[in-house]
Amino acid sequence: MAFARHGEGARGDLSALLSQVHPVFMLPPVAASWFGSMLAGEFSLALGAVHMVAIFAAVYTAHVKDGYVDFYLRSEDDDHPLSEAGCKRALAGSTTLFFACLVGLWYLVDAWAALLTLPTWLIAYHHAPQLDTNPITATTGYPAGIALAILGGFYVQTGTLAPVAIAFALVFLVLLSGVKVIDDEQDHDYDSSIEKRTVAVVIGPERARTAAYGLMALALALVVGFVLLRVFPPETTLAVVAFGAVAAVSRRADSEIATMLLVRGAYVFLALLLAAVWFRPL
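Going by our numbering, the letters in the sequence shown line up with residues 34 to 315, in that order.
Incorrect hints may appear among the rest.
So the derived label-pair ranges between C-beta atoms look like this [unchecked claim]:
#1 Ala144 - Gly258: 15 to 23 Å
#2 Ala254 - Glu109: 35 to 43 Å
#3 Ala133 - Ala250: 39 to 47 Å
#4 Gly192 - Thr166: 19 to 27 Å
#5 Gly192 - Ala286: 39 to 47 Å
#6 Asp103 - Pro267: 42 to 50 Å
#7 Ala275 - Glu109: 32 to 40 Å
Think of the hints as simulated: they come from the structure by calculation, not from any bench.
We put the CB at the ideal spot given by N, CA and C, even for glycine.
Given only the sequences and the hints, what does the whole structure look like? Please build it.
This is the structure:
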């Protein structure tokens with residue numbers, strides 16, 4: 034078998050490769066790329082598709098590398114569908130796809146489009162075991178990827194970065210950093226035992242939760258501020274109300290349920306922002 038630890042033939046390999054596609058975590062970065070394209074107004078589907086494939090390849094790289102490190106290097110996981118050689122082959126494949134897209138963006142747009150997209154792969158590949166051991170980079174890695182996806186999606190359509198794209202990227206960076214702190218809180222005890230320094234490990238679960246909701250509140254305040262400055266359309270305040278309601282409910286839940294609620298709340302937040310931008314072009 035070229036990829037799988039279990040199963041036989043092409044079907045086993047395909048199943049192992051597909052196991053690394055995690056829609057809950059893959060959909061937001063791909064949607065963020067599309068969101069960035071929509072912010073540009075009229076956009077090229079072809080250019081948007083190339084950028085979205087690049088983002089998909091970067092996130093796939095992160096999942097494969099994370100699984101490889103957790104099972105083969107850290108012995109954290111009980112099982113893994115990909116063999117050690119299969120992990121390396123999958124990483125080679127996703128990396129090749131990413132850099133093929135990068136070349137396409139360079140050719141179709143310019144070098145800056147490629148350079149703006151490149152950090153998404155760098156974050157993805159180095160998330161484990163380098164970035165996930167530092168409280169700052171462990172928290173901001175995924176949100177930074179989302180922010181870069183928005184900026185890149187906008188840039189490939191326009192060849193420039195407007196204040197609206199930068200503002201939306203900032204909002205998602207702050208909001209999702211807060212959600213990530215709650216997510217990491219679930220693994221506080223285990224992370225402490227292996228000296229994995231997440232925010233919850235460094236400052237304790239209670240203060241980490243306070244910091245997390247502070248970040249989310251700041252992100253929602255930024256949306257309102259950008260509406261007042263006429264950077265965002267007024268309809269984006271609906272997203273603030275919706276996510277604020279979810280966050281209020283999640284505060285009374287444990288970290289696992291809170292993470293589930295907040296991740297789904299982030300989907301609603303993004304969907305309402307998409308609707309506001311789509312029906313009220315900036």
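Quick rundown of the hints versus the structure:
1. The supplied range of 15 to 23 Å is broken by alanine 144 and glycine 258, whose beta-carbon atoms lie about 33 Å from each other.
2. Take alanine 254 and glutamate 109: their Cβ atoms lie about 37 Å apart, and the range 35 to 43 Å holds.
3. Taking the beta carbon of each, alanine 133 and alanine 250 are about 41 Å apart, inside 39 to 47 Å as hinted.
4. Restraint check, glycine 192 to threonine 166: a C-beta distance of roughly 37 Å breaks the suggested window 19 to 27 Å.
5. The supplied range of 39 to 47 Å is met by glycine 192 and alanine 286, whose beta-carbon atoms lie about 44 Å from each other.
6. Taking 42 to 50 Å as the suggested C-beta distance range, the pair aspartate 103 and proline 267 conforms, at roughly 45 Å.
7. Separated by about 35 Å at the C-beta atoms, alanine 275 and glutamate 109 satisfy the suggested range of 32 to 40 Å.
Of the numbered hints given earlier, the model fails hints 1 and 4; all others are met.
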